[in-house]
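Sequence lines, in order, name chains F and H.
Quick note on the numbering used here: the first sequence kicks off at 1 and runs consecutively.
Quick note on the numbering used here: the second sequence kicks off at 1 and runs consecutively.
You may find that some hints are simply not true.
For each label pair, taking beta carbons as the anchor points, the in silico distance ranges come out as [what the hints assert, rightly or not]:
(1) F:P139 to H:A142: 40 to 46 Å
(2) F:I270 to H:S148: 54 to 60 Å
(3) H:D268 to F:P139: 42 to 48 Å
(4) F:S122 to H:E291: 47 to 53 Å
(5) F:V121 to H:E233: 24 to 30 Å
(6) F:Q11 to H:A86: 54 to 60 Å
(7) H:Q100 to F:S122: 28 to 34 Å
(8) H:Q100 to F:N7: 21 to 27 Å
(9) H:P21 to F:V121: 20 to 26 Å
(10) F:G18 to H:M180: 38 to 44 Å
No lab work stands behind these hints: they were computed from the structure.
By construction, the Cβ of each residue, glycine as well, lies at the ideal position given by its N, Cα and C atoms.
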Amino acid sequence: MRSPAWNRRKQSARRVWGQLRSDRAAMFGLVLLALFAAMALSAPLFADRSELQAVAGRDNPDLAAPSGKFWLGTDEIGRDVFALVVWGARVSIYIGLLATVVAVFVGSLIGLVAGYAKGWVSRVMLAIDDFFLVLPFIPLAIVLALLLGRSPTIMALVIGGTFWAGGARLVRAQVLSLRERGYVERATALGASSRHIVTRHVLPGVAPLIIANASLIVPGAILAESTLAFLGLGDRFSPSWGKVLEGAQSSGALTLNAWWYYLPPGLCIIGIVLAFTLVGNALQRIFDPRLIDR
Amino acid sequence: MSAPILDVRDLHVTYASTRGPVPAVRGVSFRLDPGETLGLAGESGSGKSTMTMALLRLVPAGTTTTGSIILAGEDVMAMKPGRLRAVRWAEAAVVFQGAQHVLNPVQRIRRQIQEAIDTHRGANRVDDLLEQVGIPRWRAGAYPHELSGGQKQRVMIAMALACDPQLLIADEPTTALDVMVQAQVLQLLADLQRDRGLAMIFITHDLSVLSTVADRLAVMYAGRLVETGPAKEMLRGAKHPYTKALAAAFPTIGDMSSRMAPSGLAGDPPDPAAVPSGCTFHPRCPLATQECATTTVELHEISARWEAACLKL
């Protein structure tokens, strides 16, 4: 029983990989993603974590141009910008992925319940979803972050907790259609419980949609984090790329033409958002072809 | 007389709709003995399916069901949800129409039959069940789309037998099948029913199908039974004008006169939200008189074990 199912899964994974392989944009995105992942994982090889601290840069020149010692120059308190950028990859990617996990979990749960339940439960879920769909994100996130704290994990929870509404809509729409299928009626007549029907017949039907949607939430979450960090939220001494940009902006690096300070984190943000979006679009084309021409 | 497997009294099923309540079943009473097959006939929209689905309370939320349903000595209307789930399939299983929609397209049939067994901790084995319905056991690993229409319907029947129910509800099980396969499936159902002593409710709009399987016939019109009696006699000479029209609508092969004189029934079945007064059939009835439009008729005995709801009988 186990092994044919496993084979089937292996087979469908091979099919997805094959389709990705033939998609140039997706392959470009994947390579880019691999580079960023390598950068995040190898951060300790390039720079010690202590270099992110203000005291570490005390002996260094402030806002120095790139040199043999500082490949990307230094910031206004003498920290190595290269160290900031490689360590920033960890923070940005961590927040992006954790926020996505939270958003996908909450969104799928609310979407499933809103679609499968009937009556007031469904209406309440839908009302909550509508509420989060129309909430202005930035003011809400700022208020939440101020209330809850500014560590990367909190930032991820705040972003994830406000990013699930669109996904919930998609899941609900698909569940509404799956719920009326003949095999769900049969399972009901079989004496199956709602939990059984949802896990055996409904969830497998919405899973591809959830995966494709998740891959498109990641870039949004990274961008949102950069926005919030640029507006001043986040931890100065374990900075994301957005936070590095904020430092550049507030220290006047733009007017001083210290391009080594603001260009690298900016390009990194653009690069990773592009990479995730390319891969996400390709996954969406594979898993849910109906959504291509949105 | 032994205790009936199913005893239905004054069953009403009313759907909630945006236009207001729609009574789809309006007072149906009947009983079914163990091992007996009841053929339930009627046009689309007459409430056949609604009535039988209501027997296991398989109606959409918001639907009101009243009356009494005693299944194997237990009151279905009084069951708690947990008990109801346990009774479904274990006491009464359903063979749905259109097996291709009722089987999950992305699961192997072995798993789907196993699903029925597991739900009720049944002791049957998938391979044995498949063999009983005439599907070789090596086909258990097939997906539904790899099977023919007749095979899919056989899988549905195997699934229905999974928990050894006492009552089988066959909801137009042969509609999407061609005539030859239809005959095979009917024969299979008849054999299984005889061997296992199953009681069966067989729903169809095709009276000719019922001659193979049914002991007793019940004809439904606008949510009510209009005639019920022994199958063979009723198919030979129906008493109620509606049953007559239904029987006459099928031409006899080889009989030219029946082809040359089509005897369909004018008009459409009534909108369940606004049924005619008196006898609901009077607007389409060839025998209708003034009286029919004002007097409500109940089923009454016209001969032994034969009842009809018509003022003229």
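How the hints compare with the structure:
1. Taking 40 to 46 Å as the suggested C-beta distance range, the pair P139 (chain F) and A142 (chain H) does not conform, at roughly 57 Å.
2. Distance hint check: the CB atoms of I270 (chain F) and S148 (chain H) are about 56 Å apart, consistent with the given range 54 to 60 Å.
3. D268 (chain H) and P139 (chain F) have their C-beta atoms about 59 Å apart, which leaves the hinted 42 to 48 Å range violated.
4. Between S122 (chain F) and E291 (chain H) the CB atoms are about 49 Å apart, so this pair conforms to the stated range of 47 to 53 Å.
5. Distance hint check: the CB atoms of V121 (chain F) and E233 (chain H) are about 52 Å apart, inconsistent with the given range 24 to 30 Å.
6. Restraint check, Q11 (chain F) to A86 (chain H): a C-beta distance of roughly 38 Å breaks the suggested window 54 to 60 Å.
7. The hint said 28 to 34 Å for the Cβ distance between Q100 (chain H) and S122 (chain F), and at roughly 29 Å that hint holds.
8. Judged by the Cβ atoms, the range 21 to 27 Å given for Q100 (chain H) and N7 (chain F) holds: they are separated by roughly 25 Å.
9. For the pair P21 (chain H) and V121 (chain F), the beta carbons lie near 23 Å from each other, so the given range of 20 to 26 Å is met.
10. Hint check: G18 (chain F) to M180 (chain H), Cβ distance near 42 Å, so the stated range 38 to 44 Å holds.
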